[in-house]
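K.L.:
Numbering (my numbering) for the sequence shown: 1334 to 1671.
Since the hints were derived computationally from the structure, they do not count as laboratory data. The C-beta atom is built at its ideal place from N, Cα and C for all residues, glycine as well. Among the clues, some could well be false.
[Unchecked claim] Each computed BS3-like pair below joins lysine-lysine, with the alpha-carbon atoms no more than 30 Å apart:
no.: 1; residue 1: Lys1403; residue 2: Lys1429
no.: 2; residue 1: Lys1335; residue 2: Lys1632
no.: 3; residue 1: Lys1368; residue 2: Lys1336
no.: 4; residue 1: Lys1367; residue 2: Lys1441
no.: 5; residue 1: Lys1336; residue 2: Lys1367
no.: 6; residue 1: Lys1520; residue 2: Lys1336
no.: 7; residue 1: Lys1521; residue 2: Lys1632
no.: 8; residue 1: Lys1416; residue 2: Lys1437
no.: 9; residue 1: Lys1437; residue 2: Lys1411
no.: 10; residue 1: Lys1429; residue 2: Lys1411
no.: 11; residue 1: Lys1403; residue 2: Lys1416
no.: 12; residue 1: Lys1335; residue 2: Lys1521
no.: 13; residue 1: Lys1353; residue 2: Lys1335
no.: 14; residue 1: Lys1411; residue 2: Lys1367
no.: 15; residue 1: Lys1353; residue 2: Lys1367
no.: 16; residue 1: Lys1368; residue 2: Lys1441
no.: 17; residue 1: Lys1416; residue 2: Lys1451
no.: 18; residue 1: Lys1411; residue 2: Lys1368
no.: 19; residue 1: Lys1335; residue 2: Lys1429
[What the hints assert, rightly or not] FRET-style restraints, in silico, Cβ to Cβ:
no.: 20; residue 1: Thr1455; residue 2: Ala1594; range: 50 to 56 Å
no.: 21; residue 1: Phe1620; residue 2: Tyr1540; range: 23 to 29 Å
no.: 22; residue 1: Leu1628; residue 2: Ala1594; range: 37 to 43 Å
no.: 23; residue 1: Tyr1605; residue 2: Thr1646; range: 21 to 27 Å
no.: 24; residue 1: Leu1350; residue 2: Thr1391; range: 26 to 32 Å
no.: 25; residue 1: Asn1599; residue 2: Gly1666; range: 29 to 35 Å
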Amino acid sequence: MKKAYIALVFGLVFMALFIKINHVDIVHCSVESKKFSREHITLPFSHASSGNETYRYTCQVESLIEQTTKIGIAVDEKLLSVKINSNEIDLNMVKKQYGQSQLKDWEKGYFFSIPLLKGENTLEIIGSDAGGRFGISIGQGLSYLEYLFLFIFSIIPIIFGIYSLLFGYLVKSVRHIGLSDFSSVWKKLPFIIILAGIILRLLFLVYIPNTMYQHDMGGHVDSIHYFSERPFEMPQADKSLQFPQQPLYYWMSAIVYSVSADFGFNEHDRIYSIRVMSVVFSIFWLFVGLKLIQLYTRKRLLINIFMAFLSFTPSFVFLSTVVNNDALNALLGIVSIY
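Generate the whole structure from the sequences, applying the supplied hints.
P.N.:
Here is the structure:
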């Protein structure tokens, strides 16, 4: 129990320090164009447009340390330029990353790696609008390395601490029912965890639309379209964001995509069918993961903790229900280790 408290406190303290040090404040934003000007705007900002205007947004970004951080920017309707401290950010890299010739996704926006100095930084954004409304939304994200540090030094200790405390109290509370009864429940717990993980994935599949929370789905769908039309011809790697990927997942998805079309499914439902396939891959990897951990240990606590990670880690749940090759890669990876 002492180790559980130490892990829990360590994880919470690390998270608090991490957020405090890495967090940036985006303040004192303004917007101007030939026909419109406002010195103080609140993000996210939206306003009626007179049409065919170019707008210049300026914000101060305050950072406690010198760092390179992820900044998400969404401009209604087209993003034309991003500068930090008068230094131009290369938009071509972002266009290539997202597989788009123009940065016009004002609903989801785009993430940029922005180098910040300690203290105040000036962020300048230029966008254009064709009518209706214009506006901007800016927010901070996390890089892969930041996610990794946060997961290892904060999320894992917190989960371990909570899990250990819960099972410690569980052991104490069920002692009166007899060791044999408790042992039976303890042995079945990995399968209960797997069942809960499957239900969580199905809920995510049912309630989350195809395009929500996935910035790179277009590239994956491009690959699926390509292999459904030319199954024996490899694509040119530089023609779409996901074309350099290994083809196995896209071959399998192309089969599902084509077969579902034969049943009269529309485009939305055909993509949804591919998401179902990802969930199936994920369910298999949960069961193979259980077999794998049982090769290394017979300690029930370790087995249950491992299965809880596989079943409930948010990124695993997300990747199990969207159009990408990660669910298949995870399954093949666990199978190869097994």
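K.L.:
Next, verify each hint and record whether it holds.
P.N.:
Each hint, compared with the structure:
For a cut-off of 30 Å, the pair hint linking Lys1403 to Lys1429 stands: about 17 Å separates their Cα positions. A threshold of 30 Å between alpha carbons decides the hint, and for Lys1335 with Lys1632 the separation of about 19 Å falls inside it, so the pair holds. Straight-line distance between C-alpha atoms of Lys1368 and Lys1336 comes to about 63 Å, which puts the hinted pair past the 30 Å bound. For the hint pairing Lys1367 with Lys1441, the CA-to-CA distance comes to about 27 Å; that is within 30 Å, so the pair holds.
About 63 Å separates the Cα atoms of Lys1336 and Lys1367, which puts this hinted pair outside 30 Å; it is violated. Distance check on the hinted pair: Lys1520 and Lys1336 sit about 24 Å apart at the alpha-carbon level, within 30 Å; holds. Of the pairs offered as hints, the one joining Lys1521 and Lys1632 holds, with about 13 Å between alpha carbons and a cut-off of 30 Å not exceeded. Only pairs whose Cα atoms come within 30 Å are accepted, and Lys1416 paired with Lys1437 is accepted, the gap being roughly 18 Å.
For the suggested pair Lys1437 and Lys1411, the alpha carbons sit about 4 Å apart, so the restraint of at most 30 Å is met. Restraint check: the Cα-Cα separation between Lys1429 and Lys1411 comes to about 16 Å, which is no more than 30 Å; the hinted pair holds. Our distance criterion of 30 Å between C-alpha atoms is met by Lys1403 and Lys1416, whose separation comes to about 14 Å. With a C-alpha separation of about 27 Å, the suggested pairing of Lys1335 with Lys1521 holds against the 30 Å cut-off.
At roughly 27 Å between alpha-carbon atoms, Lys1353 and Lys1335 fall within 30 Å of each other, so this suggested pair holds. About 17 Å separates the Cα atoms of Lys1411 and Lys1367, which keeps this hinted pair within 30 Å; it holds. With a C-alpha separation of about 39 Å, the suggested pair Lys1353 and Lys1367 falls outside the 30 Å cut-off, and the hint is violated. For a cut-off of 30 Å, the pair hint linking Lys1368 to Lys1441 stands: about 27 Å separates their Cα positions.
For the suggested pair Lys1416 and Lys1451, the alpha carbons sit about 17 Å apart, so the restraint of at most 30 Å is met. With a CA separation close to 18 Å, the supplied pair Lys1411 and Lys1368 stays within the 30 Å bound. Straight-line distance between C-alpha atoms of Lys1335 and Lys1429 comes to about 50 Å, which puts the hinted pair past the 30 Å bound. Look at Thr1455 against Ala1594: about 51 Å separates their beta carbons, and that is inside 50 to 56 Å.
Our hint of 23 to 29 Å for Phe1620 and Tyr1540 holds, since their Cβ atoms are close to 24 Å apart. Taking the beta carbon of each, Leu1628 and Ala1594 are about 42 Å apart, inside 37 to 43 Å as hinted. Judged by the Cβ atoms, the range 21 to 27 Å given for Tyr1605 and Thr1646 holds: they are separated by roughly 24 Å. The given range of 26 to 32 Å is respected by Leu1350 and Thr1391, whose C-beta atoms sit roughly 31 Å from each other.
As the Cβ distance of Asn1599 to Gly1666 is approximately 34 Å, the hint placing it in 29 to 35 Å holds.
Violated hints, listed in ascending order, are 3, 5, 15, 19; each of the other numbered hints is respected by the structure.
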